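Peer 1: Take these sequences, add in the hints, and give me the full structure.
Number of protein chains: 2
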Amino acid sequence: MIKNRKSVEEYKAGILAGDRAVLAQAITLIESNLPSDSVLASSLVQAILPFSGKSIRIGITGVPGVGKSTFIEAFGTILLEKGKKVAVLAVDPSSQKTKGSILGDKTRMEKLAADRRAFIRPSPSGSTLGGVSAKTREAMLLCEAAGFDVILVETVGVGQSETAVKGMVDFFLLLMLAGAGDELQGIKKGIMEMADGVLINKADGENIQAAKKAKTHYRNALHLFPPSENGWYPSVITGSSLTGEGLGECWETIEKYQQKMLESGFFEKNRAEQRLKWLDEYVQYLLGKAFHEQAKVQELLAAEKEHVKAGTLSPLTFARQLMDIFFESFQANRT
Amino acid sequence: MIKNRKSVEEYKAGILAGDRAVLAQAITLIESNLPSDSVLASSLVQAILPFSGKSIRIGITGVPGVGKSTFIEAFGTILLEKGKKVAVLAVDPSSQKTKGSILGDKTRMEKLAADRRAFIRPSPSGSTLGGVSAKTREAMLLCEAAGFDVILVETVGVGQSETAVKGMVDFFLLLMLAGAGDELQGIKKGIMEMADGVLINKADGENIQAAKKAKTHYRNALHLFPPSENGWYPSVITGSSLTGEGLGECWETIEKYQQKMLESGFFEKNRAEQRLKWLDEYVQYLLGKAFHEQAKVQELLAAEKEHVKAGTLSPLTFARQLMDIFFESFQANRT
Chain A
5 MIKNRKSVEE YKAGILAGDR AVLAQAITLI ESNLPSDSVL ASSLVQAILP
55 FSGKSIRIGI TGVPGVGKST FIEAFGTILL EKGKKVAVLA VDPSSQKTKG
105 SILGDKTRME KLAADRRAFI RPSPSGSTLG GVSAKTREAM LLCEAAGFDV
155 ILVETVGVGQ SETAVKGMVD FFLLLMLAGA GDELQGIKKG IMEMADGVLI
205 NKADGENIQA AKKAKTHYRN ALHLFPPSEN GWYPSVITGS SLTGEGLGEC
255 WETIEKYQQK MLESGFFEKN RAEQRLKWLD EYVQYLLGKA FHEQAKVQEL
305 LAAEKEHVKA GTLSPLTFAR QLMDIFFESF QANRT
Chain B
5 MIKNRKSVEE YKAGILAGDR AVLAQAITLI ESNLPSDSVL ASSLVQAILP
55 FSGKSIRIGI TGVPGVGKST FIEAFGTILL EKGKKVAVLA VDPSSQKTKG
105 SILGDKTRME KLAADRRAFI RPSPSGSTLG GVSAKTREAM LLCEAAGFDV
155 ILVETVGVGQ SETAVKGMVD FFLLLMLAGA GDELQGIKKG IMEMADGVLI
205 NKADGENIQA AKKAKTHYRN ALHLFPPSEN GWYPSVITGS SLTGEGLGEC
255 WETIEKYQQK MLESGFFEKN RAEQRLKWLD EYVQYLLGKA FHEQAKVQEL
305 LAAEKEHVKA GTLSPLTFAR QLMDIFFESF QANRT
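In order, the protein sequence lines correspond to chains A and B. So the first sequence is numbered by this note's numbering: it starts at 5 and just counts up by one. So the second sequence is numbered by this note's numbering: it starts at 5 and just counts up by one.
Careful: at least some of the hints might be erroneous.
To be verified - Each computed SDA-like pair below joins lysine to any residue, with the alpha-carbon atoms no more than 25 Å apart:
#1 Lys-192(A) / Leu-317(B)
#2 Lys-273(B) / Leu-304(A)
#3 Lys-273(A) / Leu-317(B)
#4 Lys-89(A) / Pro-126(A)
#5 Lys-193(B) / Gln-164(B)
#6 Lys-281(A) / His-311(B)
#7 Lys-16(A) / His-311(B)
#8 Lys-193(A) / Ser-239(B)
#9 Lys-193(A) / Gly-235(B)
#10 Lys-217(B) / Glu-197(A)
Quick caveat, the hints were computed from the structure, so don't treat them as lab data. Note that the structure is predicted; figures quoted are calculated from it, not measured.
Peer 2: Here's what the structure looks like:
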């Protein structure tokens, strides 16, 4: 059981009052893997649900070295100046409890971390993307109930984390570099078509020309690709956390996007679809968790998985065997 | 139980002898939803597994109207002339038993359907993509064991079917049109980055110029996007089922791709990863099936799903409730 455990009412009151310490404790509760904590966490999220949702949710991705932390610090500061309250969350399944995540690392966003109108939280730790992103989503709802009206969700290209973040935000922003042919370095296939906006970063000093060139190329290229179902073509701009160039434009683009989507009804439609997808994903996650934690299943998987990989054991035959074992174990006793 | 039920040995002998009638009956067995048929089907697939895999697997997609059937007929004919044996399968979750699928429709590929060195099969019917693609995969293994060394898997953009087909083939081909700004009509976001090759179709008559222009644009655009992890940039060519232009080039491109991937080891690595992914997907599919077929789960879902969609019921809270009900039902009795 976590420390400083409160009642649902106490957490709720603190969150709605915008108490950042209580918010942090509530997120710690959300992140706990203990069943009794999970029950309390579920009740809390249900209780604050009516107060959530009043924000714009922005996903931010880009390869290591593109300058995400510096960008978030500079971008977040501009938003604070505009009167926003900014929460920074992260999805990083590679983070571990002892090591901490490089994302949402307050030491890399010191100025923002010190501002009371901002709230920064590292990624939950966890062994699966499903588990980690579920916790980040719930933390997002708590932040919204606490009055934060811009939620930035950071991710770095580990596994399918961009897809998970794309599924929980309104606008997905890709940061890229320009120059010396290294624009694409490390960007996974499929990410560019996922982006609602692309910002060519570090567009300052000697790099300005290369950045502007890249902007033109990518603007043209992305127009050759299908728009989103809401008709939006990804916007491409240049920016610099050093000079501040492009950051205001970035925010205006996001505002324009939100305006269009609200008017067309797509904004709410998208959020409603995301909620149903989250339900599906949670169900799959919980089913898969129970399945993989079952002792006999683990045994058989360890013994035979290599044969599936090698092509000597049919995946469907093996899956059916595992399923029989799993359901048999339930009739024996629930483990 | 299906008609003409044979023993595993009888099916296996017929398939290995290249008997097309037995192959068709075996695929019908694979497609059956009856538990006793599934058990027999699993044994059969396991038995022919060592004889499968000796083929190139090519996925083909494109919007309705792009000319898929005509392309497959023309392309398939060229492959037969090169001494190949060609199987044409399909993934179309919208197909229903009574209506039949428009994909793999023999009446649209009459010449090919009449050739004994070709084998055409419509998509399995089914209510979920997971169920349909699992059956198509198994049919693919049977076709390979029967000696077909080129497997074409057709799909049309329904739901996530392109992703499913991409996950079961070696090379993914996107057919597109050119001209009058309708190139992107109906193509879903994300499909272009999925393609290993793009063929601008109907490059004949008055349309030749537009097709060549589109080829240049897309070649340049796709070079601005990250290559596959195997280093391959999608190849873009023009083609016409009418004149035959580009079809030979299409095959040479696929051969070149296969050669490169075999040399680098990626070909086998990719197939091994696909097998493990199929195992994961089957497990998820079977778990989900058992879950959704459980009566109390269906009841609660029907009653409360709209509240999740509307944002008044937390997806995680609800998922946990459903999970409790599901596992409780197992301890009572296995339904």
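Peer 1: Are any of the numbered hints broken by this structure? If so, which, sorted upward?
Peer 2: 1
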